[in-house]
Every structure is written in structure tokens, then in C-alpha cells.
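Engineer: Take a look at the letters that make up each chain.
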Amino acid sequence: MATILKDLDEVQYPIKSVDKNIKLSAVFGDGQKAGYLIFLDLELVGTNEPTSFGNKQEIGNKQALLSATLTDALVQTNWVSMTVFIQEGDDEKLEICNASDQVPNEKDSIVYTLPIKFL
Amino acid sequence: MRKLFLILCVLLDVFNSVVAQDADPKLTIPSSPAFSILNFEPSAVMRPTSNRALASDILNSFDKDGALLMNLGLEISPYWLKSHPKLTREEFLQPSDLGQVVLQSLNFSAASMKDSATGDRKLGAGFRFKLINGKPLDELYAAEAELDQVQILSSTIGAIRRFALQGRILNRKAALQKIEAALKAAKVKEATIKQFMDEARIISVNYADTPSEVVKFMEKLMEYQTDTNGDLVSRVYELTGKRKGFVLELAGASGFNSSHDNNLERAGFWVNASNYVSPQDLFTLTGRYMFQNRDSAISNFDMGLSYLRQTETFNVSIEGLLRWYRAEVPDINQGGEEIKVLIKDLTYRLAVQGSYMVTNGISVNLSIGKDFDSPFASSSSFFSILGFNYSLFRKQVVVPGK
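Note that the protein sequences, when read in sequence, are chains Y and F. Each residue of the first sequence is one higher than the one before, counting from 1 in the numbering used here. Each residue of the second sequence is one higher than the one before, counting from 1 in the numbering used here.
Simulated from the structure, these hints should not be mistaken for laboratory data. Hints should not be assumed to be uniformly reliable.
Pairs of lysine to any residue, SDA-like flavour, derived with a Cα cap of 20 Å [unchecked claim]:
{"id": "1", "chain 1": "Y", "residue 1": "K117", "chain 2": "F", "residue 2": "Q166"}
{"id": "2", "chain 1": "F", "residue 1": "K189", "chain 2": "Y", "residue 2": "V45"}
{"id": "3", "chain 1": "F", "residue 1": "K184", "chain 2": "Y", "residue 2": "E43"}
{"id": "4", "chain 1": "F", "residue 1": "K114", "chain 2": "F", "residue 2": "T226"}
{"id": "5", "chain 1": "F", "residue 1": "K86", "chain 2": "Y", "residue 2": "D41"}
{"id": "6", "chain 1": "Y", "residue 1": "K107", "chain 2": "F", "residue 2": "P136"}
{"id": "7", "chain 1": "Y", "residue 1": "K62", "chain 2": "Y", "residue 2": "P50"}
{"id": "8", "chain 1": "F", "residue 1": "K86", "chain 2": "Y", "residue 2": "L94"}
{"id": "9", "chain 1": "F", "residue 1": "K173", "chain 2": "Y", "residue 2": "D41"}
{"id": "10", "chain 1": "F", "residue 1": "K86", "chain 2": "Y", "residue 2": "I96"}
{"id": "11", "chain 1": "Y", "residue 1": "K6", "chain 2": "F", "residue 2": "T226"}
{"id": "12", "chain 1": "F", "residue 1": "K184", "chain 2": "Y", "residue 2": "L42"}
{"id": "13", "chain 1": "F", "residue 1": "K187", "chain 2": "Y", "residue 2": "L42"}
{"id": "14", "chain 1": "F", "residue 1": "K135", "chain 2": "F", "residue 2": "N293"}
{"id": "15", "chain 1": "Y", "residue 1": "K23", "chain 2": "Y", "residue 2": "Q63"}
{"id": "16", "chain 1": "Y", "residue 1": "K107", "chain 2": "F", "residue 2": "G241"}
{"id": "17", "chain 1": "Y", "residue 1": "K6", "chain 2": "F", "residue 2": "K114"}
{"id": "18", "chain 1": "Y", "residue 1": "K107", "chain 2": "F", "residue 2": "G230"}
{"id": "19", "chain 1": "Y", "residue 1": "K107", "chain 2": "Y", "residue 2": "Q76"}
{"id": "20", "chain 1": "Y", "residue 1": "K23", "chain 2": "Y", "residue 2": "K6"}
{"id": "21", "chain 1": "F", "residue 1": "K86", "chain 2": "Y", "residue 2": "S25"}
{"id": "22", "chain 1": "Y", "residue 1": "K107", "chain 2": "F", "residue 2": "T49"}
{"id": "23", "chain 1": "F", "residue 1": "K173", "chain 2": "F", "residue 2": "K184"}
{"id": "24", "chain 1": "F", "residue 1": "K220", "chain 2": "Y", "residue 2": "D7"}
{"id": "25", "chain 1": "Y", "residue 1": "K93", "chain 2": "Y", "residue 2": "I59"}
{"id": "26", "chain 1": "Y", "residue 1": "K107", "chain 2": "F", "residue 2": "R47"}
Isolated chain F (complex conformation):
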């Protein structure tokens, strides 16, 4: 361990000999464009999931004098504010038309912040949506097939509980027989039935033979069933959000200074086309336009391509970006008149980034490359950053029965 530490110190010393700069302008659309345009992560982000919660969040965003509170963030997905009883799982995973893809992915964000340096109040607003959203992973369908069996078990327990509530099942033996018969009729795997029935018989000894005790017994079985299958539900939940194939996403945002007549200070527009050629290999083509109007007016247009390889233990990404920039910088000429100097140029960024998981919870990250040249600085634009991630609190996996 000491040897490793010394090696890392030497590496850090070498890397410090070049100028470290921002190594993280990733070729992805910001998850909350409004926060990104203000360069600010709000201390509190409201994410209402119903119209009632939205109304409540908006009311709570103002103080007693009706002034908007600062350092707040809001993210809304309008489509998901109410229930959609006709949106089947199949339609959600593979929408049949473009409108549905847009509706399901449309997200608005807003943020308020107080600039700690100038005291100015700033507001940001943004949106993002997808036009094409790839396809679900094959792993999702495999995990869902497993969840089918779990849901049959849960539905069976629910049914037997209801029969007991109706007084139609009077004792534990009848309950267990009905469960086993139903699971066999539903063609649940023999091994799954055996494992479940063995556990059910163990749990049953804690209950008596009355309908109300059978109800309690079924509720305990449901708890066991929920605890046992938590990892599978989590897997389906995570895989549901992952896509393969071609994804086309758009986003935009603008930032205003409400202390100066709501002046438009920054605006941005992003287009991302990404393609998972395999579950581990992602290519992303990005176009983005950024405009900033403060002391100087600067506009950038970036176009770039990145490749990302993700495995269980390491991630590697390579990215290249071209930037056309145009800056209008206030100056004073020899005659003492205020003028604006126009600077236009083309610059580029090339970067390689990697992370390696040493053990569960500890990873080493390295970024190296050349950043964009700035119209305002002439220093070296090469950078290298070495870092560590360490998770202090890790989820402990408990294996039932061990």
C-alpha cells in the first residue's frame, strides 16, 4: 500500500508539471440544462410527480412578500404529472410514433441563484427531449421474464389472502395447498415452487388456524417475497432506463440576470446523436452552440465525436471537438475611444479519459489531453488530472439464509 502511495505521488508530481484545466466538458447533454447554463447546482431541487405536488412546489418557491426564493431548482416532466392507464409497458418501451417519444422524454428545468460575487439574481430555464430513443436491451427482457415468475408468486399470495378475508380459506394447510396448486397451474419453475413452499412452511408455524391468522400469514409471506426479490426488481428498474441503438436528443437553455432588466446573459443549444454499437461501446456525435453576453460577448459552436467503452472494471473514453469561437471584447483605442475588438478563431480539444475500479468502492481516474485555446489566455492548454473516488458508505448485500 505504501509503495502504491509513493508511485502515485510521483505520478502526481509529473502531471503537475503541465497546466491542469477543466477536463470534463463531456459530450453529453446536461441532465438539467437550466442548472448547466447558470453553472450552478441548486441546494434544493424540486421534482414534482403530480399536478398537486407541482402547485405546492411553485407556491413554496416564493417568500411571504411574494419574492422568488434563490438557490432553488425545479425539474418537471409534464407527461408524467398524471397517470396514463393506456400506456402499456410495450408502448412505453417501444413507442409507435414520434410524438410519444417526445412526450415521454420531454423535461423542463428552471433554477434561481444569487451570484455570490456581484449579488445579482439570476434565473435559468431549459428543456430537453428525445426524437429517437433506441431500443430496450435484451437483458431487460430476460430480467422481466424472471420478474414474471415473482409477480405470479405475489399475485397468488394476494389471492389466497383475499380468499381468507372472505372466509373461504380457513387454515394454513388449505392456504399452502392452494398456493402450491396455483403455482403449478401457472407453470412456475419446479425449483422456484419448492424453495418458496419450503420457506412458507417454516413461516407458517408462527400462525394459528383461523382465517384472520391466515391473512397475517399471507402478509408475512408477502414481506418475505418482497425482501427476497429486491435485487431483481432493482435490475429491471435500472435496465428499463438503458437503451441500445441510435438515440437522438435535443436540449436548450437560457440564463437571465433579473437584477438587470432580465438581460439575457447566456444561451445554449445541444444536439446529441449517440449509438450503442454494443452494450459496452458507445459513439456520440455532438453539436452545441453557446452564447455568453457579459463584459464580453462570446459565442462558441462545437462539433465533436467521442467513443466510450464501459466494462465491469474500467471505462475508457476518447473525444475530439472542434470549436469555432467569436468574441467581442471591450477595449479603448489610441484615441481614448471605447471600441470592441473582434476575435475569431478555430480551436480544438482532444482528450483521453479512463477510470479503473481497484476494488468495490475505490477507483482511479485519469484525464489527459489538450483543451480548447482561450481567446483571453495564452498559457498552455495541455492538461492532465489524476484522481481517486472512494465511497465511504457502500450497500451491503445480504444473502438470505446465510
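Next up, chain Y with everything else stripped away, as it sits in the complex:
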């Protein structure tokens, strides 16, 4: 049983709207057990749920970090996967990252960290 640390490349996201609320969320696949945290700069702002940050004026040039732990809890597969979305107001969700890996052994975990720079 081991935990693998995987640093995902920073995503640079240019905010399109001026006054719409920016929301970040993550979906975990392959039937695995996962949990995540969202930080804005160094402060924790969300735990295991879609998180709103504010509008462009409030978060422009700030950095968010999504840190997620995915644990292989299935005998059927060692695949783990994460898809991250950004939504502006009620606009359609935009997929900004998808990560997928096969952990080497049963019950291993992987910790993905994904920095998101708002422009």
C-alpha cells in the first residue's frame, strides 16, 4: 500500500465574464473512493463539493489549488481518474483537466495537485 504524489501542470484560466461567479468542481471516476480540497491562494475554501470563489474582480490574478486523494478501493480495476470543471455563473461547465492513472498495486492511493491561475 503506497501513496503516489502527482503534480499536474498549472492551468491558466482567462475569466470571460466580469460579474459572474466562478465555480470549481471535480468528478472522480472508475468507481473509486476520492476526496478533495480547494484552496484559494493558501486558504482552504472548499471540501468535497463544488466551490464558488467570486467574480473576476475578486479572484483575478489569484491562484487556486485543487488537491485530491483517490484511493483504489475496487478489486476489479486499479484505474483512478479525475475530471475538473470550471463554471462561470450558469454557463456550461468547462472541463479544464482530466487525469487518469493505473496505480501499481491494490489499495494504493494517488494525490493529484492541480494549480489553477485565474487571469
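Given the structure of chain Y, go ahead and fit chain F onto it with the hints provided.
Structural biologist: The following block gives chain F in isolation, referenced to the frame of chain Y:
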């Protein structure tokens, strides 16, 4: 101990006075129908988990002349050969439609073997899948709630490590403060936070106050976190595979003799309906059809019901099966002509099986009952088998800090 041994010898002597027969035709679907239909457990079983591994396993199943290697087994769950990013935990545990239940449980098996008596090469192929798969146990959700807290801890360590890699956290004190603040904001239990922070402070003395040392410190903390929570992860892993309620499963398999024009030698079809009325009490209704075409052609249709009670220290099962069989046996009549004798009958099997765990790693097993009557033998079909299981190598549980 000596007294116990003498008692067991006496018991064995009593049980040897009746004919011991196969006491283990359990009312369950074989885990690998292809192996079961050949009555064979391959020395090597390939279980590819990706398309690439499947291709590699298939290539490795042939020798340099292109002939299929013998004594090999292959089990494939096609759905699980690739990643499914949209399959959430909720959908996996309680699929919303029948198709998803079938896809998640569909499994194919294949086996090759060389018959040591005749030298014939035999092939088996089989499948199994579920139509209804019950519900997850309540214990799973309780264990997952505990794992939530562990995953918050791991995600926090991962985040602080990344901040240190970015040069945004420069020393151990800042790292520890950020961890504690994040855990409190995430509403992790006070006792869990205190225990973790105490350990983190002890570990921190081995590192210096530079970003690269903070990264190493976080990686060490992650190791500690992984080691500490191994048992919980194992519990979630095991509970994920357990179900309660009604489960309906189907399987089929056929065996061929490739040395004789791929003749169909055996075929089988199983239907199992089981119901966990409580986590310890399982009822299973089984129907199965078996066909064998060798010197004699025999077909059996079995229908049976079993009850299993499982506790921490003992398991007891009771099973009853009815069998309709039909056998065509080659013979020679008084005129010297080759004929086939048709035998048809109804027989039954009743059995009680129990196992008792004496200590961790040692258990006593007893099976007693009446087996099916055979169309080819007239001996007693009563059986009793007493056995022991002893595990030579047991996992040692290490309690951190002791």
C-alpha cells in the same frame, strides 16, 4: 492438547466407517466457469487489466511455432480493461440501470490443459455476469466516512507540499500552521487533528527550514499517513465487494477436446439467486445444468436451496439439492450388437457443513450428509469428512507506537 488429539482420532475412526465422498459441490457459481468445466486449476492464470496487457498475454500464450501453450488460464473483465472517468462511486455501488450491472460484472474465462491420462489437449471457455447485484452494506458507508477524514488529511499534506514546491511555504512552522488551519476549516475531528499534529511535530525535527526540506517533510508525513491508515483502506476495499439483499447471477461454460476435432465434451449453465436476509444469513437458490459427452453421455439438472450462517468464529451451512439425471451408457446386447443403455432417475443430496475457528489461523471443518446416487455405482452415498485448516503464515498486526 494430547487429549484433544485422541478425541479427534476417535472421531476420525467413527467417520471412516462410512464412505467418504465429495462433500463440496457448493451451491455457488464457480468463480472461473472455464476452469470448473475442465475440473482443472491452471498453474498460471493471466488477469489483464488493460488492453495492452491483454494483447501481451495473448501473444505470450503461444510458443514460437504458434501452438497454444497448455495449462494456462485467462480471466478478463472487458469493462475494466480501460478507465471510466464518468463512473462515479455512487453509480458503481448502485448502478442506475440493468446494462451497467451486467457490464460491471461481466467476466470471461478460458483455460487450456493437457489431460495427463490420455494426453489429449482440452480447452475451456466460460462467462459469468450479474443481473441484480443487491445493495452495499451499511458498514461500507461508515468506513467510507472514516476514509473521508483520512483523504482530507492526505489532500492537505499534498497541497502544502505543492505550495512548498512553488516556494510559497518556506519553513516547517508555516507548514504545520497551514496544515492545522486547513484541517480545522475542513471540520476534521479535534482528536484526529491533535493526534496527527503531535506526530507531525515529532517528525518535523528531522528536517531543516528550507522549501526543499519542507517538501521532504511532507513526503515523510504522507508515508506516515499511509502506514497508519492501511487497515481502514483494506476494510473499505473488502466491504466494497460485499453486498446485501437480492443477487441474481448467471454463468455458462463449455469444454472442448482439441485433440479430437474440438469435440464438445462438457457444458454447463448456472443460475444463482441469493439473498442476504442479514449480514450473517444467506439463502441461495441454485439451478444448474451439466452435460458431459465422453464414453457415456450424461446430463444432470440440479435444483437446490442452501442456507449459510457466518459469524466471527463459526460458519454453518445446510443444503438440499434435487438432481434429475439421464445417462446413455454404451453396452453390448446378447446378440453381440453395440447398444446404448438409457438410465434416468431422480436423486438428492442433503448436507450439513460447519467450520469452527479454534484460534486465529486454526479451524476445524466437518461435512456430513448424503450425496447424489450415481448411475454407475451402488455403494453407500453417505459421507462425512472432518478436516483442519492451519495457516502457517499469518499477517502480524503492528499497532503504531507500541
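Engineer: A separate judgement is required for each hint: does it hold in the structure or not?
Structural biologist: Hints, verified against the model:
no.: 1; hint: Y:K117 x F:Q166; verdict: holds, 13 Å
no.: 2; hint: F:K189 x Y:V45; verdict: holds, 18 Å
no.: 3; hint: F:K184 x Y:E43; verdict: holds, 12 Å
no.: 4; hint: F:K114 x F:T226; verdict: violated, 45 Å
no.: 5; hint: F:K86 x Y:D41; verdict: violated, 29 Å
no.: 6; hint: Y:K107 x F:P136; verdict: holds, 19 Å
no.: 7; hint: Y:K62 x Y:P50; verdict: holds, 18 Å
no.: 8; hint: F:K86 x Y:L94; verdict: holds, 15 Å
no.: 9; hint: F:K173 x Y:D41; verdict: holds, 18 Å
no.: 10; hint: F:K86 x Y:I96; verdict: holds, 15 Å
no.: 11; hint: Y:K6 x F:T226; verdict: holds, 16 Å
no.: 12; hint: F:K184 x Y:L42; verdict: holds, 14 Å
no.: 13; hint: F:K187 x Y:L42; verdict: holds, 17 Å
no.: 14; hint: F:K135 x F:N293; verdict: violated, 40 Å
no.: 15; hint: Y:K23 x Y:Q63; verdict: holds, 14 Å
no.: 16; hint: Y:K107 x F:G241; verdict: holds, 13 Å
no.: 17; hint: Y:K6 x F:K114; verdict: violated, 47 Å
no.: 18; hint: Y:K107 x F:G230; verdict: holds, 8 Å
no.: 19; hint: Y:K107 x Y:Q76; verdict: holds, 12 Å
no.: 20; hint: Y:K23 x Y:K6; verdict: violated, 23 Å
no.: 21; hint: F:K86 x Y:S25; verdict: holds, 14 Å
no.: 22; hint: Y:K107 x F:T49; verdict: holds, 15 Å
no.: 23; hint: F:K173 x F:K184; verdict: holds, 17 Å
no.: 24; hint: F:K220 x Y:D7; verdict: holds, 17 Å
no.: 25; hint: Y:K93 x Y:I59; verdict: holds, 18 Å
no.: 26; hint: Y:K107 x F:R47; verdict: holds, 17 Å
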